[in-house]
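S.K.: Sequence:
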Amino acid sequence: MLCIGASSPLFLSLHSPSTSTSSAPPRLTSRSRSPLLINTRYKHCSPASSSHVGLEQQQYQEDEDVVQSVQLISSHGYLLTSHDELALQLLKDADADSPLPKEINGVDEPAHPSALFVFYVSCFVGNIKEKLWNFTWPCAIAMLHPSLMPVACVSFFSKLAIFVSGPLIGNLMDSFPRMHSYNFLNQAKTAAQVISGIMILHALSAPDFSVSSLQTQTWFVVLLLAMSADKLASLALDVSVERDWVVMLAGAKREIGLAQANATLSRVDLLCETGGAWLFAVLLSKYGHVMCIKFACVISVCTLPLLMLLSRVVDHLSLGVVGQFTLPQSCENFHSFDWQLNPKKIVKDGWMAIKRDWNEYVNLPVLPASVTYVLLCFNTALSPGSLMTTFLIHQGLSPYMLGLFSGSSAMLGFLSTFASASIVKRFGIFKAGAVGLLSQALPLITAVLVYWTEPILPGTALASFLALIVLSRWGQMSYSVIGLQIIQTGVHPSKANLIGTIENSVASLAELVMMGLAVLACDVSHYGLLAALSACSVVAATLFYCHWLARTND
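The sequence shown begins at 1 in the numbering used here and counts up one residue at a time.
Any given hint could turn out to be false.
To be verified - 27 Å max Cα-Cα, derived DSS-like pairs, lysine-lysine:
1. Lys495 to Lys253
2. Lys355 to Lys495
3. Lys253 to Lys431
Since the hints were made in silico from the structure, they are not lab data.
Go ahead and model the full structure; you've got the sequences and the hints to work with.
M.R.: Structure follows, in structure tokens:
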């Protein structure tokens, strides 16, 4: 293993002979936007190192400030670190040509358009698998007993696992190369879904059981563990895709390119949700729950090699950007990297790491936008999900109508991603977030009033109730796109996975509370209470965000 010694000067090979010997890097002029090709001498970090491939780092300067402490592992496999102790000697050349393709030199374009396109394809494949599974398992488990108990119990323990393990997983993800983390998480997710499918199939073929004996069933304990592992892997993959990979491929400082990439990711997700809903409805109506579970497991296994292949293509087209470590690695911490696999060190340092990570989250400059997202996560009863699916099944809704509801919700959310850009252009990004929240809160308040004033039976009342929930998805997805960009631009790339997993851990605590209430309520007749609490959470999120916005304007 080779690395740069602390005493080795860095020479930036450009045409101009002028240098700066100051220990602090000088400010570059606005014309000096050429790449900095860094050539240096190397020395061994340890005698045991036997790596023999070459090193080079290429860093593109996009603004007037010199980029701080950037670490790249190039396609040749060497490790380069830049720290304060290294003396940077900068040579400026305003006329140097950029080796980057012309199409990525514009600030409105993504940094790696070809890699970004393949990345969208990869997200489409992964989301199809995810959405089909998310529609299948609640419906199958809901058939085990005519109450909210089985689905709520599985969801409760899944959210509990995310809340407890989320920060540590984010820390580990930031310490491993992106490619290795991504592939491992996909493998773990596939294995967890297959095990969960086997347990559900066993339960469907088993004799009837009571709710009181559910927790003592071996298959149910295994199902809880497998579903928790599946949700943890899903959380980590979602954070990696939405908070890290897309920022690296689109460019953190390319605001328009990043906004377009975020909107495209949302459209891919919602298209997959629409397609998954209709596919699930067709399979359920023609073949039943057993065939749906088997088909979802087969899809999960078959898409795994494709996802791993696409990730390698993305890494190749992005010139190794997504193949590097998330955090800067020095010689010392690279060689001591084995602590991650040492159980004693994990137990010893885990609590300190979690405390440090929570402090990072609390000190976010855009913390109110994140808290707003967390408050919205209390809405588990008035959005398409496991509780809503269970409620509609026990209301006697047909598979086609269930697919129509889920597909319509996704389609309206898909259309809202096109309108979000116009809303941002007209109101600005922060006021656009308030518009999205209001567009979600008003229909949900009306839906709760409909639920409490009329009996929710198949007919006009149920159709009106569901139509208002579908309408609220416009505002929900509008704020999802806008709020995501607010948080993306307020978090350093090296902290993206960490902050994302902590935020989702807090969000899972909100969902955990609601699922706990669903377990206590148990009976479907108490669904109105959950719906009222969900609507109140959205109203609270809207008021909190608007209060923060008003204080910011003042």
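S.K.: If a hint holds in the structure, say so; if it doesn't, say that too.
M.R.: Each hint, compared with the structure:
As the CA atoms of Lys495 and Lys253 are separated by approximately 16 Å, the hinted pair is consistent with the 27 Å bound. Only pairs whose Cα atoms come within 27 Å are accepted, and Lys355 paired with Lys495 is accepted, the gap being roughly 15 Å. Taking the CA atoms of Lys253 and Lys431, the gap is about 21 Å. The hint holds against a cut of 27 Å.
Comparing the model with each numbered hint stated earlier shows that all of them hold.
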